[in-house]
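Colleague: We have chain Y already, so just place chain U on it with the hints.
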Amino acid sequence: MLNEKYFTISEIHDAYDRKEFTPTELTLDTLKAVKASQHNAYLSTLEDRAMAAAKSAEKIIAEHGKVPREKFPLLGIPLAIKDNLVIDGVRTTCASKMLENYVSPYTGTAVERLEKAGAVFIGKANMDEFAMGGSNENSAFGLVDHPTHPGYVPGGSSGGSATAVRARLCVAALGSDTGGSVRQPASYCGVVGLKPSYGLVSRYGLVAFASSLDQIGPLTNSVADAAILLGAMGGHDPKDSTSSPYALPDFTAELRKPMDWKGLRVGIPKEYFVDGFDPAVLSEVRAAIAWVEKQGAKLVDISLPNTPYAVSVYYIVAVSEASSNLARFDGVRFGVRPPDAMQVEDIADFFKRVRSNFGPEVKRRIILGTFALSSGYYDAYYRKACQVRRMIKDDFDRVFRECDVILGPVSPSTAFKHGEKNADPLKMYLNDILTIPCNLAGLPGMSVPCGTDNLGLPIGLQVIAPMFRDDLVLKVGHAFEKGYPTADRDQVKGKEV
Amino acid sequence: MSQPETAFEVNEALVRKVADLARLALTDDEVTRYAAQMKITLGYVDQISKVKIPEGTVPLYHPFELATPMRDDTVVPSPTTADGKPKMISAAPDTLYEGFKVPPIL
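Each protein sequence line maps, in turn, to chains Y and U. When you line the first sequence up against this note's numbering, it's residues 1 to 497, in that order. When you line the second sequence up against this note's numbering, it's residues 1 to 106, in that order.
One chain only, chain Y, in its complex shape (with noise of 0.2 Å):
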């Protein structure tokens, strides 16, 4: 059901007013559809609960005539969401052989104003362990498939969510992005991918990674999705002490507005643009610009000169923070116990045998983020990072007196074949130098698909803007996917809202 005619939310709204088929049957034939998918994309569904939330969007329905959108604004859409994320009752592993068995006695604050938005959770996405990686390869629970070239990484970690959408496994679902778990993914599986301001969407009930650098954003199929979503589920909540207490603009009614291209001042940083970046990746991220600036935009050329430390910068900063988050899987509140924990000599012996439950990269990282928080090294890396941090943030709120948005590539690659760069971690880190900046500085940033290479594999335009701006990231996101000529146009309907 969810096919070429009918993937956005508005196209299905649309088709429920015209009674062509009911929130009942499109859940039911996701479902079907889920359970027929070989890309591993889910990694638990939600059956009974999808079904009862795709009754309720029915029967208000029938009693309006038609969706009442502006109070429903997720009305009988099938969403995936994240497995790090929590639902009151619902298992949640973040892919972890730690949490295997973890039934969360609440629901995070996204996840439950989306629900009450009207949306369908079909069940919970793939992942990599605690979202710790760039190509969905570190589930516990087995790797996610790309969703057009088989044999390729559908990108990481929110891998299961760019799948889901992508192959209309659902319209819509929830991913995290940290250093670009959400932009990544979307980049290399060809949908809309959104990591909203730091602090615009609670992180009340997403298992935390890096608290300074987590968000929760929405993969979509168009950028008035990501609108919708985001206006769903953002604003201030008093359950995490980190959200903004700004009031949240109309994003939806914003992208009604007509984009004035003419007053847009565009940045382009020299050192998103470098050697050793894909030329397929340069070329149609180029083209991309040069049309914005076809449509009367004025390019800005402009310097982020720290953005080559900022993969240093993260990788001291996320894996101190993890390493203390993660100190909470201990056995004790979380935690799988293997049999022989409890016959232990010492309390320090029963975590670690508790602890063996991590994988490869989570241990790599608790490893690397003990290391540069410990006795004598806590200057030399963590403080020193988070100077290198604030000059990064510094030379974005120059550059931005300069411009209104700043437009480059999200990835300096396209999606690659499995196994390609799991031996090496570091290349692997490497791959995210354009997407962790603005997790560093909070920054809102969006991928929107602009073209594939050669095989055919899409590659994804980033807009970034001002902190709060998400406003702006949207509306230039939507006006692009709007009138953008690309190669992979099933994917960019831009669609009026």
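Be a bit skeptical, because a hint or two may be false.
To be verified - In silico DSS-like cross-links for lysine-lysine, where the CA-CA straight-line distance does not exceed 30 Å:
{"id": "1", "chain 1": "Y", "residue 1": "K5", "chain 2": "Y", "residue 2": "K116"}
{"id": "2", "chain 1": "Y", "residue 1": "K352", "chain 2": "U", "residue 2": "K39"}
{"id": "3", "chain 1": "U", "residue 1": "K85", "chain 2": "Y", "residue 2": "K239"}
{"id": "4", "chain 1": "Y", "residue 1": "K35", "chain 2": "Y", "residue 2": "K19"}
{"id": "5", "chain 1": "U", "residue 1": "K17", "chain 2": "Y", "residue 2": "K239"}
{"id": "6", "chain 1": "Y", "residue 1": "K363", "chain 2": "U", "residue 2": "K50"}
{"id": "7", "chain 1": "U", "residue 1": "K17", "chain 2": "Y", "residue 2": "K97"}
{"id": "8", "chain 1": "Y", "residue 1": "K363", "chain 2": "U", "residue 2": "K85"}
If you're looking for bench data, these hints aren't it; they were derived computationally from the structure. Predicted, not measured: the structure shown is a model, and the values here were computed from it.
Modeller: This is chain U only, laid out in the frame that chain Y set:
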């Protein structure tokens, strides 16, 4: 330019020491592999030691630099399961009455 206060070499002994601090039990193979990978990764991230930090650069620990919001210190009952037990305890690996069950440590 700040340097580590303690001179160090990335080797298997360092990985074993750090793994012990992190309460991770590693096999010999893992120790060998992580030592080699840690050497490469730390060799790369060491580039930040060469960055000239302008005088007075305040470390950015968090992108959202607002003061910690305060709230009233009021007791809110914890959610309970159908049989009246605290829900938070119900998600634990092992419980006894309304507590977390752990191995004896003495």
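Colleague: Going through the numbered hints above, which ones does this structure break? Give me the numbers in ascending order.
Modeller: Structure breaks hints 5, 8.
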